[in-house]
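*Asks:* Now for the letters of each chain:
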Amino acid sequence: MSVEEKVRGYILDNFLFTDDQSELSSEDSFMEKGIIDSSGILEVIFFLGEEFKVQVEDDEMVPENLDSVNNLVAFVEKKTK
Amino acid sequence: MSETVVHFLKNSVSRYPCSEAVIYNDQRVSYLQLWNMICSVADYLHTKGLERGDRVGLLVENSPEYIAAYYGVLAAGGVAVGLNTSAKAADLTNWLRHCGARYLFSSLKHPELDDIAKTCSDDMSIVGIGEPGKQAVSAFDLWHEILNNKATEPRLAEITDVVMPAAIIYTSGTTGSPKGVTLSHSNLASNTQSIIEYLGLTHKDSIVSVLPFYYSFGNSIMHTHLAVGGKLVLESNFMYPHKTLEKMVDEKVTGFSGVPSTYALLLGRTKLKEYDFSKLRYMAQAGGAMPPASIKRFLEEVPEVDFYVMYGQTEGTARLSYLPPEKLINKIGSIGKAIPGVTLEIRDENDKLCRPGVTGEICAKGDSVMIGYWNAPDATGKVIKDGWLRTGDLAHYDEDGYLYIDGRDSDMIKTGAHRISPKEIEEVIARLVEVEEVAVVGVPDELLGQVIKATIVPTIEGALEKKSVQAHCRKNLAIYKVPKIIEFTNDLPRTASGKVKRFLLQDNN
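Here the protein sequences line up with chains S and Z, keeping their order. The first sequence: position 76 = 76 (my numbering), numbered continuously. When you read off a place in the second sequence, starting at 1, and then add 1000, the result is the number in my numbering.
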């Protein structure tokens, strides 16, 4: 399974509670679409550590890294290079 | 008191017309610009036939538009009803109908606006704010057109009846009996002045505001800063605390307010010591108990900043007590003493005053106590008796008269900045045909204070999955009301009289 598939699956499963892929576009901003709130973002950070062994430093906790599936995938790929 | 928060703001406009009042993304709005927007809104509402006391819904995120609409409604003699922007259409239409709103100012991009317009537009004029989305905007009046019209100054003399309702804040969305806390002009003005007094706010103060204005805490931040001619820097959320801290430094703000989860995030996910807080004068916390260990840690991280612990509830406008920073170490864990203009007493179940050290219910009297719940005399009668607000919070005094919260005599769940009635969630889950019974409680959580747990008795064992219950809640409730924990059981624990023993469900293991 690719990083994108894993990330999409996690967001759909844990925040949208569905398997329907059409419910989430990879560009959707979690903030703007109300998909994730401030406690949810901590769950996402925990998931990145568990699934990809990626540690999110405090100054990396920014929308550019975490606010969409695409941003998360790019961030994971950058950190695991 | 004969002045209202509109008079306070008008005073700031007169004294500091060119000073910045609100900063939001790349907008920097001066007091004069804000006042012109307010006049346009008031003028529009008069033109549309608003009568004194008419309710006006506001479905807008924190923004200059929200502030201008809120104060415009008050200046026109209306009652501002700030609506929770994360709520779903069912709750929003329920609230709008419950208060009989004749007007609604809404962000055009709000995802529930279409559904609201379909069910309410016959009785309600809608003003659309921002860029049009997919809505048929021809049915709406548009914000930018209202602002383009030349406005006359509202006659503030018409709203000097300070006991008249000024605002309604809905605290629960149950379909049968929504609770709309109704605040008078006097409530808002008095609470605003008390907060200004104890925080020592002046026109030199500024704050990064991360709390929504539709809640009483955010509402008080808005009123206090505009009343003194200070500056509001608006952040739409607190998902990225690092960004908020950068904004605080960049804008050289003097204050910051949050709930315990705000401070838990700051302590857990940022390096506070590395920021230049030389301009920051104070930080304030309300909205639930913050663990004393977290307060101590906070003081170690930013010793130069005064830290205010505060207590209140929406029914008390916002604030009822505060602990001065100089007492924080000696009285750690205390919520302090009553704010100016409020009297607090601790009473036992027989309504007798409690002695120091004895736990009872906090009762409040004074200008900050709400008029009542909108159109709900029975619910009002249960919490206001002989002019005293029964807060439902249990506490005791120490020998010096400082208050300490011991618990809450209520089923309400406090999670993050939100206060939620379990009934709202139970009603939604009970709509699933596979559910025979359901009970919802808050269980302790280190970050959020409490998280929501639903215990469900299914009609047939194995008929339901956790995810399908959460998906159903997600569709019908605001995101923060979706239970994190779902458990299935054969029976709910009950008392002999059949009442669910909720405390037994609060075990998270």
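Because the hints were derived from the structure by calculation, they are not lab data. Worth double-checking, as some hints may not be accurate.
Stated by the list, open to error - Covered by chain S, according to a simulated footprint, are these stretches of chain Z (three or more residues, beta-carbon under 8 Å):
#1 1233-1240
#2 1263-1273
#3 1465-1478
What the hints assert, rightly or not - Keeping only pairs whose Cα atoms sit at most 27 Å apart, straight-line, the calculated DSSO-like set for lysine-lysine is:
#4 33/S / 1467/Z
#5 1243/Z / 78/S
#6 6/S / 1466/Z
In this text the structure is predicted, and so the values were computed from the model without any measurement. A virtual CB, placed ideally from N, CA and C, is assigned to each residue, including glycine.
*Asks:* Does each hint fit the structure? Answer for all of them.
*Replies:* Here is how each hint holds up against the structure:
| no. | hint | verdict |
| --- | --- | --- |
| 1 | 1233-1240 | holds (count 5) |
| 2 | 1263-1273 | holds (count 4) |
| 3 | 1465-1478 | holds (count 5) |
| 4 | 33/S / 1467/Z | holds, 20 Å |
| 5 | 1243/Z / 78/S | holds, 21 Å |
| 6 | 6/S / 1466/Z | holds, 20 Å |
Every hint from the earlier list agrees with this structure, and none is contradicted.
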